[in-house]
Amino acid sequence: AQRVTQPEKLLSVFKGAPVELKCNYSYSGSPELFWYVQYSRQRLQLLLRHISRESIKGFTADLNKGETSFHLKKPFAQEEDSAMYYCALSQVASGGSYIPTFGRGTSLIVHP
Amino acid sequence: GAGVSQSPRYKVAKRGQDVALRCDPISGHVSLFWYQQALGQGPEFLTYFQNEAQLDKSGLPSDRFFAERPEGSVSTLKIQRTQQEDSAVYLCASSLGSGRSYEQYFGPGTRLTVT
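Here the protein sequences line up with chains V and E, keeping their order. Residues 6 to 117 (the working numbering) make up the first sequence, in order. Residues 262 to 376 (the working numbering) make up the second sequence, in order.
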């Protein structure tokens, strides 16, 4: 069965420090991985997906199949990055849609 | 344009009561998903619609949970005889299509508290 593990419930850093939010997964097929973010009092939204290989708001995430990881990184954290971050793995459901399995989330707090 | 909306935003129910949660997806979005998010956890999949067809309901925790989308737009999640363990935030999401390239857009959620 597919599983997503985010080992840290809370990550606290100072502004300007590097950030790495960890995500490990288990999945028998070819994984489709995402990071979602939820800012305070806002709704859950997609941050980035591994197939896009893009950098959003300075964040990047590289899929490492050998280590089954998809860690989210940013070289210099900003206060506005404070939010809840969820790693998700998509599985194929009936009808061909892709349904994410979410990790429990990591709360990132960036101190001034 | 308007995003996904959900109502009510908060619902308090006495144990044993039935509740109905509504989701208005983005206009034109084919796929609609329901998730349950318990405190301190990530969202967990409940069920999925493509237009009016419920294609996957494997995540519904019991037969007290029922979802419908009769005209392929608005969806209702109904919970019968609510129990305390049903207390959670219920999220709805919609996407334009069903393939892996389609982003899911989430609503603000309905926070259900069963007392």
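Hints are computed from structural coordinates only; laboratory data are not their basis. One or more hints might be untrue.
Think about it this way: if two alpha-carbon atoms lie no more than 20 angstroms apart in a straight line, the pair counts; the simulated EDC-like pairs of lysine to aspartate or glutamate are [unchecked claim]:
hint	chain 1	residue 1	chain 2	residue 2
1	V	Lys14	E	Glu305
2	E	Lys272	E	Asp285
3	V	Lys20	V	Glu72
4	V	Lys62	E	Glu364
5	V	Lys27	V	Glu59
6	E	Lys275	E	Asp285
Just so it is clear, the structure is predicted and the values come from calculations on it, not from any experiment.
Hints, verified against the model:
no.	hint	in the structure
1	V:Lys14 to E:Glu305	holds, 17 angstroms
2	E:Lys272 to E:Asp285	holds, 17 angstroms
3	V:Lys20 to V:Glu72	violated, 29 angstroms
4	V:Lys62 to E:Glu364	holds, 18 angstroms
5	V:Lys27 to V:Glu59	holds, 18 angstroms
6	E:Lys275 to E:Asp285	violated, 25 angstroms
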